Amino acid sequence: MEKSFQTKRGYWKHGGIVGVLGYGSGVIGRYSSLPEEFPGVAHFHTYRINQPSGFFYTSKALKEICDIWDKYGSGLTNMHGSTGDLVLLGTTTENLETLFAEYSSRGWDLGGSGSAMRTPSCCVGQARCEWAMIDTMDICNTVTQHFQDELHRPAYPYKIKNKISGCACDCVAAIARADVSVIGTWKGDIQIDQAEVKKYADSKMDIQSDVIDWCPTDCMSFDGSSITIDNSQCNRCMHCITRMTKALKPGKERGASILVGSKAPIVVGSLLSWVIVPFMKMESPFEEYIELLENMIEWWDDNAKPRERIGELIEVKGMRPFLEAIGVDPQPQQVYEPRKDPFFFWSESDFK
Amino acid sequence: MEKSFQTKRGYWKHGGIVGVLGYGSGVIGRYSSLPEEFPGVAHFHTYRINQPSGFFYTSKALKEICDIWDKYGSGLTNMHGSTGDLVLLGTTTENLETLFAEYSSRGWDLGGSGSAMRTPSCCVGQARCEWAMIDTMDICNTVTQHFQDELHRPAYPYKIKNKISGCACDCVAAIARADVSVIGTWKGDIQIDQAEVKKYADSKMDIQSDVIDWCPTDCMSFDGSSITIDNSQCNRCMHCITRMTKALKPGKERGASILVGSKAPIVVGSLLSWVIVPFMKMESPFEEYIELLENMIEWWDDNAKPRERIGELIEVKGMRPFLEAIGVDPQPQQVYEPRKDPFFFWSESDFK
Amino acid sequence: MALPERQTDIGPPDYRQFLPPVIEKNYGKWTHHEILTPGTMVHYAESGDKLFTVRIASPRLLATDSIREFCNLAEEYCDGYLRFTTRNNVEFLVSDESKVDPLVAKLKADGHMVGGIGPRISNIIHTQGWVHCHSACTDASGLVKAIMDELHEYFTTKALPNKVRLAVACCVNMCGAVHVSDIAVVAVHRKVPVIDSENVRKACEIPTTIASCPTSAIRPNPKEKSVTINEEKCMYCGNCFTVCPPIDIHNPEQDGVAIVVGGKIGSLRTDPKFSKLAIPFFYNEPPRWPKVVDAIKNILETYKKGAKRHERVGEWIERIGWEEFFKQTGIDFTFQHIDDFTFMRDTLRTSAAFKY
Amino acid sequence: MALPERQTDIGPPDYRQFLPPVIEKNYGKWTHHEILTPGTMVHYAESGDKLFTVRIASPRLLATDSIREFCNLAEEYCDGYLRFTTRNNVEFLVSDESKVDPLVAKLKADGHMVGGIGPRISNIIHTQGWVHCHSACTDASGLVKAIMDELHEYFTTKALPNKVRLAVACCVNMCGAVHVSDIAVVAVHRKVPVIDSENVRKACEIPTTIASCPTSAIRPNPKEKSVTINEEKCMYCGNCFTVCPPIDIHNPEQDGVAIVVGGKIGSLRTDPKFSKLAIPFFYNEPPRWPKVVDAIKNILETYKKGAKRHERVGEWIERIGWEEFFKQTGIDFTFQHIDDFTFMRDTLRTSAAFKY
Ligand code: SRM
Ligand code: SRM
Ligand code: SRM
Ligand code: SRM
Ligand code: SF4
Ligand code: SF4
Ligand code: SF4
Ligand code: SF4
Ligand code: SF4
Ligand code: SF4
Ligand code: SF4
Ligand code: SF4
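Residue numbers (this note's numbering), protein chains in the order written: chain A, 1 to 352; chain B, 1 to 352; chain C, 1 to 356; chain D, 1 to 356.
It is worth saying that the hints were derived from the structure and are not from the lab. Among the hints, a few may not be true.
In silico negatives: residues of chain C with every beta carbon more than 10 Å from chain A [what the hints assert, rightly or not]:
1) E46
2) A63
3) S95
4) P102
5) F282
Here are the simulated DSSO-like pairs of lysine-lysine, each with C-alpha atoms no more than 30 Å apart in a straight line [to be verified]:
6) K233/C <-> K202/C
7) K163/C <-> K355/C
8) K198/B <-> K50/C
9) K249/A <-> K191/D
10) K191/D <-> K50/D
11) K163/C <-> K187/B
12) K163/C <-> K297/C
13) K191/D <-> K106/D
14) K99/D <-> K60/A
15) K50/C <-> K249/B
16) K317/B <-> K233/C
17) K187/A <-> K106/D
18) K252/A <-> K50/D
19) K327/C <-> K145/C
20) K304/D <-> K246/A
21) K159/A <-> K198/A
22) K246/A <-> K25/D
23) K327/D <-> K187/B
24) K191/D <-> K159/A
25) K29/C <-> K204/B
26) K327/C <-> K281/A
27) K246/B <-> K191/D
28) K159/B <-> K233/C
29) K198/B <-> K29/C
30) K163/C <-> K246/B
31) K317/A <-> K202/C
32) K187/A <-> K199/A
33) K308/C <-> K199/B
A short, non-exhaustive set of chain A residues, derived as facing chain B with CB atoms under 10 Å [said to hold, decoys possible]:
34) P265
35) V267
36) S270
37) D301
38) A304
39) K340
40) P342
Model, not experiment: these values are computed from the prediction. Ideal placement from N, C-alpha and C gives every residue a C-beta, glycine not left out.
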């Protein structure tokens, strides 16, 4: 590190292929480009432990993880990696199998890496948040368990990520960094407790300027003591609910919007996920969602070039083949606006 | 026409190359694809007369035009073509020279067509509009006269159009259908006549909901009797001025924004013009503007492929080479927002 | 008879010679205007002078006789001064206030539509159509007539929340301003062009033809010395036809029109906007295109009901959201609405906030 | 000693076993919460139960000793229950209200930063940097430390108009969430990679390498069995280096960082937004990067002064306009700011309405 600060560059070489038996994922090979100068870190592989949903731990469990890591690794960690894994930084090729035996026997499996399903991740959800419209932790865990093979044995054209947030606050940034983003939402009227509204009004809150004026659809009004909402015009943005959590609650029918495609900028520019299914019920064991996920992955796996993410593939092929393959109808919720230019394709099926 | 209505298609063939001696523009050849069936319109060329700025006429002049056209053409016209020309529809190859002699000797020259400068056009401007910040008709006429050769003898990669509107209402749709769009505007504070404001308030107008609430920058307020404007935040959109024309007048320093690139959708999708020069003085004989126009055209002429409009060329080459070629600095007014992705070029000149 | 001597590069006549004296005198010195009726307005000058404008609709496609009729009226009521607007209406420029009402009365008596000023519809910008363009895949004038017959009250009397600019383009070249209109009709093809190889061979430059295709759907066909088209890629833009007419894009059975909405040119309140696809297709049903006319009327009336004063069609739609536009108008949303051309990315919704 | 028996495809442990009893009992039954201090909040359940959360910053790069320290604190104050947030802060999950203040006192005494809840900055999302990634062209942890040292009051005490999400990415792969952050630093290259043809020959697949370039700048070099790069086209994205490391993109003298601003993830009030370029370049100045830190502080404080309550950085900028952002912050506008990548078209201003 001292050296990097002086010369302003890193000295890590590309990872070779290292891993544990029967797995293709979970370990990132890393070798120093200056092994003679720094023999202690000549091998410095990363070991990704799949975190428990919501990043909850007991001290007992964490200490156990630490003890093993001190024994077979550098003692350095990332709590957590950007994707969500509990990342152990720095071990040697020899120690990998030992680490795996120690951890897996205690219930800690490896996370994803390479051209595989990546470790799913979620916000804290119903464990501690009044706005969680879906059970994010259960969904995350169920998906992770369902796709164990796809997580551990890279067989896809590239990585695919899945993140789940309980509401439009999107505390796990699903819309920005998951190929498949699940965001909790509701149908039906926002539940208003006018007595609580009154209390907010009596407190120091300026309901008009803190809440009403920010409503993006102008569908709220406040007459000095109670709030009225034209729910048909509400776009469920969550602003009012977050600012008056005691007085306003989401509508009673709960579910999620499914969005697809986000990724970092390499190489066609960053993407945010696009709305594909405006509303889907999300009840354990989440079969409808898992089937959709499988269909999406299958279409992508069948059609993508190497290193092509699902969002990029949709851009190349167009939305229609994707929607047709997964059996979803075109809906205005999928777009901000319809196309501008009068050039568009017709299929034989449109002529009937 | 009857036939077209029955068969739902047109029967016009592509124009061959026809014209008047020494010109390459102004006449569009048109032949019927069914000459035997409709011998009367076997030849049906279009003769484009360059309209006077602002489409002003005297009955005397118009009648003269009609008389000649009845003699040598079909008597059918378009008043006016979409570009602006006075369009005479339907004559034969033999009559072209005669028509030209008749019209040109009376002061009526041909307009543009083909890969040439096209007939410039403008809004009514200072002839009848209180908001004309520039003398649109004079600019239009000056440009037309300056580029006579370029208008009449196609020597460019493709067409190039120029339209001039006196203010942001853009009554000649310059921003949408001219490669170079000139739009009048001002610097300095909007002039407020508070006595007239009071009169509007006393009349049936609801100043708050008709004017203040629509200000896109929220820089106006009305206290029941007078209007206050934070001019530093005004984006000169013209809404308030058009709604209270007696009370509000544009600031005193007048000029124009120059925008570039608009065109119809063929083939990369339609473009609206982009801000290039946020503000330029516009005083007769408009030398600064004409020089800029020449520089822009020169860069385009030097770099464009056949059938490539200037907007398309800028998209291909990037804004930097264009701005450097015409000597305009990068300015935030040229963009809605800066780039999103962290990929950008550096020139040697940036390192110095 | 000898022809007069031709002159070249003289440009158009100087506009100054066509300006009525009241304009010459007050040029650049106007202070304000008032809209008196849907078809008349008055402009006031600093000098105190007034100029009255009387506007009538014009079909744009004018026979010389119609022009002469306008000229005669101008001579009778305003010393022969008249102009055309940028949307092809005719404006009589009257300096004598007492002539305004008689002129309006006369125009109405002669069957002219006086109007188009203020928050209403104006002339439908349109182009050549079957009348004069080889590229047309609908008729412009016929369509315009059918639409205007239904909507003329919004020109002559009824007010709308703001101006509503209508347009018709007879092919995707869009010689009018369809791409920035409140409500517009654009003719579209839906079938891959048919190649007449014999004539391609004779009439076309193969490389130029290949290069003309925006989707790279055209490939050489060396055997025929012609080209072939990859059906999957062709989006029927007709650009190949423009550069090589023996590639015939016309298919009278499957050609028709689309309706686009929400465009805007001025920068007032909100930035200029492109029109967007509302309805991807109607068959051509000349001479009255009833379904097209109904659809336009439906959109216009839904707008009239829902929009706030001053709001243009596009501003109204953006305020309520496109999903709400489709709901309120009852228009079907189809695969064609979803952009898959160059700028798809920016049209796809990347937000959890939307209306059902 | 024999190793325990390995198990495969068991997935992560069930989260339920790590939940404190108060959560198990009230799972999905929370009614509301209150933010008590910048580092503490309480959630109320339907049952009347309360859960207190105490949050501290973590450098994310943790030695096992630090983790053990957290564990010990958790054991002492909250029965061993703790979690990490999605931005890598540590949260102690306290059910016994009386333990909250002592825990906070202890944490502060031990030098921890208690805070990050409510309208403030939180942890700076960052990735590996020179510490562990071969792709890095700046150091993430060093930069983060330098920035946090300057801004920590906005974590522990001072409030802002709304949350401000900071991030650092050590290369354009952007493993964090830089592309959607309120203010973020991203490391960039500025020079065309240098090709070590000998090793390219040995280590790389030429077709894959050529295909990796988004601008098609890479061409085969058959003579050398390697590749060449067209300098004009290269935008230094480094993708070729990722697939073929002997194409070395690192240039310590000319690598550095850019600052991007205005991104947003949630759909509250306005749609999610990408970050946009504010400052195209600063040289790497380890260990304290003073110019970068100053620039961030300037942006943050200009935002604090100008934004309305609830307004995120991107919302503030869009309200005032980017031209006004550059004016108020005094940041230079350069050619680099003008998009010339895929989506240039939508960033160029097509309106006559803008501020000077
Ligand atoms: C470890 C981690 C950063 C961290 O400090 O936390 C990381 C580290 C690397 N990322 Fe990443 N990425 C990590 C999360 C991300 C994220 C964030 C996320 O998953 O939420 C992104 C942005 C979202 C996305 O997937 O687009 C991300 C986008 C990339 C990309 C760009 C992919 C793209 O399609 O644009 C690459 C390039 C590549 O795959 O070749 C990349 C590549 C890499 C490589 C493999 C670079 C390389 O070629 O060696 C890095 C390995 C470093 C190492 O030694 O461990 N990493 N990477 C994160 C994974 C830890 C974990 O499992 O929890
Ligand atoms: C006559 C006119 C329509 C009208 O009814 O008014 C017209 C008619 C034609 N236009 Fe146009 N365009 C006319 C104004 C426009 C406009 C509007 C404008 O200039 O403000 C546009 C949109 C703005 C623009 O320039 O992009 C326009 C965009 C096109 C295009 C698409 C160009 C593009 O780059 O996208 C073409 C295709 C082409 O050039 O091959 C085209 C091609 C044509 C051709 C030459 C089609 C052809 O290949 O034969 C038409 C000749 C018809 C004829 O027989 O006269 N016309 N054309 C307009 C010219 C009259 C005049 O001089 O006043
Ligand atoms: C005569 C004409 C100029 C010309 O040189 O011929 C003209 C004349 C006036 N326009 Fe215009 N505009 C004319 C085409 C346009 C166009 C271009 C177009 O439609 O293709 C636009 C842009 C439309 C758009 O944004 O899509 C246009 C957008 C405006 C606006 C902005 C309306 C808005 O709020 O969005 C105003 C302001 C207003 O209405 O007070 C305006 C205002 C005016 C005023 C009041 C200006 C004045 O003080 O004289 C004139 C009479 C208003 C009227 O007709 O209601 N004029 N005006 C054009 C008449 C066309 C016609 O026959 O209907
Ligand atoms: C703990 C955590 C979830 C987790 O599973 O770990 C979390 C927890 C809460 N978030 Fe969050 N958010 C968390 C990351 C996020 C993220 C993701 C990110 O930053 O990468 C976002 C999206 C940010 C964005 O839009 O760019 C996020 C946007 C919000 C918002 C929307 C703020 C806004 O107005 O734009 C709220 C609503 C609010 O502040 O009342 C919110 C509200 C909340 C509440 C009040 C929800 C609740 O009732 O419990 C929680 C405490 C608020 C706080 O920290 O101020 N949370 N929150 C994450 C803490 C990260 C940290 O350590 O700082
Ligand atoms: S995303 Fe919504 S449900 Fe999840 S923690 Fe954030 S606020 Fe709560
Ligand atoms: S959720 Fe958003 S859109 Fe709906 S009422 Fe609340 S603030 Fe308005
Ligand atoms: S563009 Fe402006 S100046 Fe020209 S006529 Fe229209 S309102 Fe008047
Ligand atoms: S011109 Fe537009 S931005 Fe300026 S004060 Fe008037 S309404 Fe507001
Ligand atoms: S829009 Fe098409 S069909 Fe109509 S005049 Fe223009 S080129 Fe011809
Ligand atoms: S119609 Fe357009 S897309 Fe189809 S082949 Fe011709 S040029 Fe290509
Ligand atoms: S951002 Fe780049 S340098 Fe940093 S960890 Fe990710 S790949 Fe490595
Ligand atoms: S750095 Fe990027 S743009 Fe340059 S050659 Fe490599 S892949 Fe191409």
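Tested hints:
no., hint, result
1, E46, "holds (42 Å)"
2, A63, "holds (32 Å)"
3, S95, "holds (45 Å)"
4, P102, "holds (46 Å)"
5, F282, "holds (13 Å)"
6, K233/C <-> K202/C, "holds (26 Å)"
7, K163/C <-> K355/C, "holds (27 Å)"
8, K198/B <-> K50/C, "holds (24 Å)"
9, K249/A <-> K191/D, "violated (53 Å)"
10, K191/D <-> K50/D, "violated (56 Å)"
11, K163/C <-> K187/B, "holds (28 Å)"
12, K163/C <-> K297/C, "holds (15 Å)"
13, K191/D <-> K106/D, "violated (50 Å)"
14, K99/D <-> K60/A, "holds (20 Å)"
15, K50/C <-> K249/B, "holds (19 Å)"
16, K317/B <-> K233/C, "holds (26 Å)"
17, K187/A <-> K106/D, "violated (45 Å)"
18, K252/A <-> K50/D, "holds (24 Å)"
19, K327/C <-> K145/C, "holds (29 Å)"
20, K304/D <-> K246/A, "holds (28 Å)"
21, K159/A <-> K198/A, "violated (50 Å)"
22, K246/A <-> K25/D, "holds (21 Å)"
23, K327/D <-> K187/B, "holds (17 Å)"
24, K191/D <-> K159/A, "holds (29 Å)"
25, K29/C <-> K204/B, "holds (28 Å)"
26, K327/C <-> K281/A, "holds (23 Å)"
27, K246/B <-> K191/D, "violated (58 Å)"
28, K159/B <-> K233/C, "holds (28 Å)"
29, K198/B <-> K29/C, "holds (24 Å)"
30, K163/C <-> K246/B, "holds (21 Å)"
31, K317/A <-> K202/C, "violated (36 Å)"
32, K187/A <-> K199/A, "holds (27 Å)"
33, K308/C <-> K199/B, "holds (24 Å)"
34, P265, "holds (5 Å)"
35, V267, "holds (8 Å)"
36, S270, "holds (6 Å)"
37, D301, "violated (27 Å)"
38, A304, "violated (21 Å)"
39, K340, "holds (7 Å)"
40, P342, "holds (6 Å)"
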